[in-house]
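Chains as they are written, first to last, in the UniProt record's numbering: chain A, 1 to 449; chain B, 1 to 315.
Each hint should be verified, as a subset may be incorrect.
Stated by the list, open to error - Residues of chain B clear of chain A, computed beta-carbon distances all greater than 12 angstroms:
#  : residue
1  : W64
2  : G66
3  : I67
4  : A70
5  : L88
6  : V98
7  : L140
8  : W190
9  : L198
10 : K206
11 : L217
12 : F253
13 : M269
Unchecked claim - Which bits of chain A does chain B cover? Going by a derived footprint, with three or more residues having C-beta under 8 angstroms, they are:
#  : segment
14 : 103-114
15 : 405-419
Treat the hints as calculated values from the structure; they're not laboratory data. Fair warning: this is a prediction, and the values are worked out from it, not measured in the lab. Ideal Cβ placement from N, Cα and C applies to all residues, glycine included.
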Amino acid sequence: MNTRTGRSLITRAAVGASVLSLAVLTACSAPGADNTSAGQDEDREISTELTSEDVELDFYIETGFPIAQELADEFTEQHPNITFNIRSDQFAVLTENASRVMASDDAPDLIRLPQLVDPARDGLLLDFDPYFDAYGWDAFPESQLQQMRISDDARGTGSLYGMGIGYSVTGVYWNKAIAAQLGITEAPATIEELEADMATAKAAGQQPIMQFNDIGGIAFPFQALYNQLADPTDIADWTFQQPGATIDNPEATEAMATIQEWADAGYFPSDANSLDYTTMMGRFSGGEGLFMFNGDWESANLSESMGDDVGFFLMPGTEEGAAPVAMGAPNTYTIPAKAEHPDEAAYFLNWLHTDETAREIIVNSSGANPGGPSDLEIPEAANPLTQQTLAAGQTVGADGTLVDFVANATAGIYAGSIRPELQSLIDDRTTPEDAVAAIQAAYEDEVGP
Amino acid sequence: MTSSAVVASVPSLVDGAGAAAPRRRPGGRRRWGQLVWVAPALAVYAFFVLRPLITSVQYSLYEWNGIGVATFVGGDNYAKVLTDPDQLGIIGNAIVLVLFFTVIPVALGLLAAALMHGLPRGSFTTVSRSVLFIPQVIPLVAAGIVWDWVYSTNGIANQMLSAVGLDGIARPWLADFDTALPAVGLIGSWVQLGLCTLLLLTGIAKIDPSLYEAARLDGASGLQVFRHVTVPGLRREIGVCVTVTMIAALASFDIVYITTQGGPGNQTMVPGVEIYRLAFSEREVGQASAMAVVLMVLVLVAILPVQRLTQRSDQ
């Protein structure tokens, strides 16, 4: 190429650019105009009778959580005319593809979906209210389904758009073998005792907390603290996107400040910011770390790998005997508006909340509360640790409050703001005040003030 | 990679279509005939490269979650990319990566090529070439995972430091705010070094040996030979290396996504990962598209002068 072609390369690039911009100017209507109103028929008759015809239900679920498969097998056992076609993807892939999959013409009949708000408002999800009435789901504790209610301006109220296959609760796992070495015989009953135990562990050269933070896992201990300090209703309002809700408040700031103190004291692993979830689990079950903030979904795993050396307790309050406030959420599954067999999918959801075998499968496979009507007994878990997590869930249900993950407040808040702020906080790159202000700013950016 | 395809192909497309239409000279018919042969490739190119490019530009003018109806916002998305300190910082990180992806590999590659050029063909040169080129063959995702281990608290990097008594500076390199971006950058240097060395080595082989002989007869030192014979003779190859590695730096995604996801804080966030995050996790398709268009322009602005400087004829 010579100088002439060099110059004309630029000219041609300019011509190319103008051709492109012309094409843009003449381009069609606003994107997305043709794929709303996903095709839900308002007057559709629903049925709670299971069809006697042969039906294949399509499921789209999360890799590594075989519970839907186990339930499907049991369902086919009981109803041989219903078979299942189950496709699974990694959690991140699933959540990123979900909206497009549900908008497509071969939408699945049931999908694992943690974020219901945007898809519901885009008309991609089936309104469960007719089934709620027909199946009498008002016999379930209302708090169980509240997180999956969505209206035009908030979460927590409005129509029901999903149900849980298991209702999880989070708390703190503790390594009882390490605790025994340190002379700690009982789970801490107050935050102060928890901090004292951590100080003892640190002094003895043990890692007080094993917590991942490569994608912001310190949100678990942060919210565990925040839940005890603030009025749970305020936290719920924030996660439910109620107008005027804010996390830029003294309680959240205090929780952030405590996290920073813990970090400065060396209570978190020095490589927390690059520590991933799997490595954290490996280290904790391998005997590194006195405490780990995590959920009941690990109880079966941990029980298998650590035996009697592991226990579970709910995050204690500031004072002994305070009503427990725990972070928890249903493992939400929903039916797309375009599903081919919504009646059968709804029947399946109702079945797994009420059938005894299904409830046993949920308890033993997910470690979570199976939910369902208040008057049904919760099946006995096979291992002692799951018995502890289930009991903790029942304690919260009876005397305490369950709040959703702050990380679930909006679709982008966790990766976009909570992760970088918490990473900066434990490395003293930001202050507690700035951290909560930044998270609130990102939140308002997404949902409006 | 899309960006490089655009640089290379848009002009030729415009040339082919634009030049054929107005001229009705003899041969005009032949030109149309030629177009028929080009048509299948052109159609594929238009569908898979031009159409997405045009729709990206269109999306960038809207606020859209990917599913619902979009709202036209004009240049707001661009204003945010170009004024928001966080977004500007992300572009700044990409520019820092150019140092690691381009400057270091090209400099070391030149050195390695010059040294290896003088050696007789044999197992040593073959082994060195293979060792340097292996990173190019390994998928970046696999490389990212391996380097993640290397940099971890108990990884090889820290083990080697403690072995020589440097425990003091051992740290989880990817978790540390000060070292994360250079650590990620060095992975890029490792990947690109082999490509640069191989390209430059091939280039050296094409330099007229009589030039080296003449320089030696004139009493030029090794350094002078390198400066006045090797480097000028490799101008085109250097141009290719700089172009390819700069695009890899500015449009990097795999390595960052696998090792740090942009953390700690936003220390290693680069446009590629941010576009992905905006589009698929925040579902801000318009904002993501605006960032993508800015990235494409940035790549063009960086690449065009390099092309002009290095692709001139030698006269």
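Here's how the hints hold up against the structure:
no.	hint	verdict
1	W64	5 angstroms, violated
2	G66	6 angstroms, violated
3	I67	5 angstroms, violated
4	A70	4 angstroms, violated
5	L88	15 angstroms, holds
6	V98	21 angstroms, holds
7	L140	18 angstroms, holds
8	W190	19 angstroms, holds
9	L198	23 angstroms, holds
10	K206	17 angstroms, holds
11	L217	32 angstroms, holds
12	F253	14 angstroms, holds
13	M269	8 angstroms, violated
14	103-114	violated (count 1)
15	405-419	holds (count 5)
This entry does not satisfy hints 1, 2, 3, 4, 13, 14, going by the numbered hints stated previously.
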